[in-house]
Amino acid sequence: MADTTKNSALYVRSEMAPDMPPPVRTQGVVGWLRANMFSSVGNSILSLLSIYVIYLAATGIYNFTIVNAIWQGDGGAVCRVENVGACWPYVGNRLTFFIYGFYPDTEYWRPNLAFAIGGILLFLLATPQIPGKIIWGVLFLVVYPVITFFLVHGGGFTGLEAVPTEKWGGLMLTLVVAVTGIVASFPIGVVLALGRRSKMPLVRSVCVVFIELWRGVPLITVLFMASVMLPLFLPEGTNFDKLVRALVGVTLFTAAYTAEVVRGGLQAIPKGQFEAADALGLNYFQATMLITLPQALKIVIPGIVNNSISLFKDTTLVSIVGLVDLLGAVRAGTATGTWSAPTIPVTGYLFAATIFWVFSFAMSRYSQYMERRLDTGHKS
Amino acid sequence: MQKKLLLAALAATFGMSATASYAASHGAGTLQAVMDKGFVQCGVTGGVRGFSAPDENNNWTGLEVDFCRALAAAIFDDADAVRYTPLTSTERFAALSSGEIDVLSRTTTWTMTRDTSLGINFVGVMFYDGQGFMVRKSDGITSALELGGASVCIEAGTTTELNAADYFSSNNIDVNTVVFEEQDEVLKAYEDGRCDVYTTDSSALAAERLNLEDPDAHLILPQIISKEPLGPSVRQGDDGWFNLNRWVYFLLLNAEELGVTQANVDDMLASDNPAIKRLLGVEGTYGELIGVSNDWGYRIIKALGNYGEMYERHVGPNTEIGIERGVNALWTDGGIQYGPPVR
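Those sequence lines, one after another, are chains L and A. Letter by letter, the first sequence follows residues 2 to 381 in the working numbering. Letter by letter, the second sequence follows residues 22 to 364 in the working numbering.
Derived by calculation from the structure, the hints in this document are not laboratory data. All C-beta atoms in this analysis are idealised placements derived from N, C-alpha and C, irrespective of residue type, glycine included. Don't take each hint at face value.
From the structure, some residues in chain A lie toward chain L, with a derived Cβ separation under 8 Å [claimed, not checked]: (1) 76; (2) 106; (3) 231.
Which stretches of chain L does chain A cover? Using the computed rule of at least three CB atoms under 8 Å from a CB of chain A, they are [stated by the list, open to error]: (4) 100-112; (5) 216-229; (6) 322-328; (7) 331-340.
DMTMM-like mimics (lysine to aspartate or glutamate), calculated; alpha carbons at most 25 Å apart, straight line [unchecked claim]: (8) A:158 to L:83; (9) A:209 to L:83; (10) A:58 to L:162.
Based on the sequences and whatever the hints tell you, model everything.
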């Protein structure tokens with residue numbers, strides 16, 4: 002019987018035939034190219050065109066920034082040659098101005114120290130593996146700004162030479178504006194978002210009016226108001242620091258946007274969550290802090306980071322109210338000493354663009370990392 | 022206060038300059054206020070070569086910066102007792118009216134409207150600017166009157182265009198004008214040889230020239246065809262402060278006229294010339310008249326030199342920007358800079 006079975010099954014394969022390799026046309030580089038770039042005549046043309054454009058741009062940038070660039074030399078005169086590329090000695094020579102502005106050079110250690118403390122605290126706060134987040138949070142958000150102010154500004158009881166804010170500039174000023182704007186606007190924004198959803202008419206209308214008012218005007222107008230109109234409204238003799246005025250403007254402006262982002266997050270939370278919180282007997286404060294806000298904030302991470310990046314770049318607008326930020330410093334640097342040659346302005350802008358890109362890209366990557374990490378699989 | 026606020030608010034609402042209504046209220050006492058705080062707050066540009074720009078050591082430098090430094094030297098005997106506020110052209114007058122700055126020294130053209138309706142007073146003219154012409158040296162042109170038949174690159178819709186048209190028609194010179202939308206395009210077109218002449222304000226010409234591949238191959242012609250007097254200004258209604266500013270400016274001119282320089286000022290203290298004695302405070306009490314120490318003249322010249330030295334240091338032919346003295350020379354040298362006597 003066993004034999005019969007064996008014989009009768011002769012025409013049946015007892016095992017799967019080995020897989021044939023897929024056709025060459027559908028795998029490897031060739032397959033990828035066919036599938037993604039040359040799947041039809043139209044796509045092929047578009048692909049070739051794109052490759053050509055990328056090639057042109059890449060070689061252009063490569064030639065300008067590396068091949069034809071000037072790397073060594075003192076003074077703009079070295080960059081006065083035919084077909085010259087970027088003039089890097091300009092960036093090298095003016096680097097301290099781009100970073101510190103008019104800050105006195107003997108005191109550079111103060112902003113440096115502030116940068117370092119900020120960097121370390123941010124690292125401690127942003128790396129999930131390190132415990133004690135509340136301590137680092139308080140240190141970074143509350144203590145650090147105070148320390149930084151006294152360290153960088155000096156004067157008074159600190160015994161350090163006072164450096165008025167008119168002397169702050171460059172990247173330092175950009176970071177001061179951006180970090181203050183991002184950090185200070187966040188709590189205000191959250192409060193505004195909660196206020197807008199409040200059941201109390203007065204609170205709600207105040208928040209709505211505030212948000213719509215600030216969202217309704219461009220940042221440039223806010224800055225102009227703060228720097229041109231505000232001094233005229235104030236009683237004579239009261240002069241707010243120009244930087245403070247810009248900071249307040251930027252912060253309130255960003256807060257209005259953050260509020261709307263956070264409100265979006267609050268609305269995305271299922272109603273059951275609120276009801277569950279109520280059923281547990283939690284009061285408003287507990288329900289908000291323990292149930293709704295943590296969920297809402299997690300949802301709006303991309304939105305908040307988006308806001309932060311856009312604010313970081315918007316800080317360049319402060320140069321139109323006469324603050325010498327990174328972009329302003331790059332611009333003013335072309336009026337210095339011998340530093341004038343055909344490509345020097347472009348070189349400066351390239352440098353500024355690179356710095357902005359590095360910061361923005363880092364923020365973007367970190368937010369994606371946090372999103373993955375905090376993902377609890379509740380995405381609907 | 023109520024009324025003032027209302028006024029300012031109204032003015033703002035209608036988009037007018039609120040500065041005029043407010044300026045009058047900032048009355049006397051700027052000098053006292055400056056002495057109390059210990060520095061002069063000076064409004065400057067965000068970086069204009071030769072006038073106010075950062076130097077290689079990240080300090081403010083320039084012809085107009087030196088005016089503020091001279092003020093500080095006269096008041097405090099310390100030319101560094103100045104704080105600078107970089108201002109854009111939109112906010113400069115508001116900054117002055119609101120008292121944020123004590124003196125505005127920011128490439129500002131003295132015009133009748135500004136002098137009368139903005140609540141400010143112009144102190145003097147640190148630099149007589151005006152529209153000029155740049156040509157290639159290889160063309161062999163040395164005067165604007167030789168420009169017949171040339172093509173001229175101009176930015177569209179500016180007074181530059183009108184000035185040039187007026188000048189050429191009044192001198193019966195026939196030129197072809199090539200008009201561009203943007204300043205950068207004009208320079209590019211001139212560099213590429215699409216036109217023989219590039220015209221705009223002469224200080225801007227001098228700065229733009231440096232962005233050409235070989236600046237020495239180009240020449241700025243001596244003719245100036247429009248009036249752009251650039252000078253410092255102060256708030257209206259504080260005559261004491263205005264007088265001090267004005268006489269600091271005149272002192273710089275007088276010192277050059279009398280040959281008093283930074284190098285020889287100490288020797289000049291012993292000079293027999295009564296005019297020099299008065300200038301340096303050896304004789305007379307002229308400093309008291311403007312509320313500062315009697316050796317104010319000595320202090321300024323010792324710290325910064327006279328007007329001619331400032332000019333040579335920041336915008337003169339030996340600097341990068343290299344603008345000839347031209348009309349900015351003293352009246353004794355064929356220019357129009359003239360300081361009334363210290364007497």
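Enumerate the violated hints, using their earlier numbering and listing them in ascending order. none
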